[in-house]
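Quick note on our numbering: the sequence shown kicks off at 59 and runs consecutively.
No lab work stands behind these hints: they were computed from the structure. Backbone N, C-alpha and C define an ideal beta-carbon position, used for all residues, glycine too. Among the clues, some could well be false.
Stated by the list, open to error - So the derived label-pair ranges between C-beta atoms look like this:
1) Asn224 x Ala189: 47 to 53 Å
2) Ala97 x Ala123: 29 to 35 Å
3) Ile112 x Leu200: 29 to 35 Å
4) Ala209 x Arg236: 27 to 33 Å
5) His131 x Asp75: 21 to 27 Å
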Amino acid sequence: MTVPRPEKAAVVAEVRDRLEASDAALLTEYRGLNVPQMAELRRSLRAAGGEYTIYKNTMVRLAVADLGLDVAHLLTGPTAIAFVGEGDDGGSGDAAAVAKALRDFSRANRALVLKGGVLGTKVLGPEDLVALADLPSRDQLLAQLAGAFQAPMAKLAGLLEALPRNFAYGLKALIDTRSAGDGDDRQPSETQEA
């Protein structure tokens, strides 16, 4: 490819920097979406931890070539990129949540086409994006992990709590049995003395 002009080189550097800083970059075709639909899509992606940006395909091709990513085959037609992991709060986004937001929006608006993307250094196809969207979110996975760690400890706590309680019930039953047995022994001996 030819060397871009300085203003275009700045755009290529911006795309390259954003790709390097992102946990994932998910590519879509947005042909046929109107301005209100694009605004709605951007809002839903922002809520999921993503940012939706449109760049010229030639600029993105130059940026991915610099990074050694093989996504040039995805850069046909009007392409927009949903960057994941560039939160204003410094936290990383959730690629599964962004993919889910894209999938859900594309179900309601057939004009949005999922093309593929990059997760870390792995290139994803459209079917990979759908599989990523089907994954539970990061928060759900963390909750499941915490539940898996908590369950054995809760069972152990219940067993440790039950041990003294059951011991006390057993001891009380033994005492009640002995006192009932002692009372029966006294009655015949008292009747013999009389």
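Quick rundown of the hints versus the structure:
Taking 47 to 53 Å as the suggested C-beta distance range, the pair Asn224 and Ala189 conforms, at roughly 49 Å. Distance hint for Ala97 and Ala123: a CB-CB separation of about 32 Å, consistent with the stated range 29 to 35 Å. Checked against the given bound of 29 to 35 Å, the beta carbons of Ile112 and Leu200, roughly 33 Å apart, stay inside it. Checking the proposed 27 to 33 Å range against Ala209 and Arg236 shows it is violated: the Cβ atoms sit about 40 Å from each other.
In this structure the hint that His131 and Asp75 lie 21 to 27 Å apart at CB holds, the actual value being about 23 Å.
Violation of the numbered hints given earlier is confined to hint 4; every other hint is satisfied by the structure.
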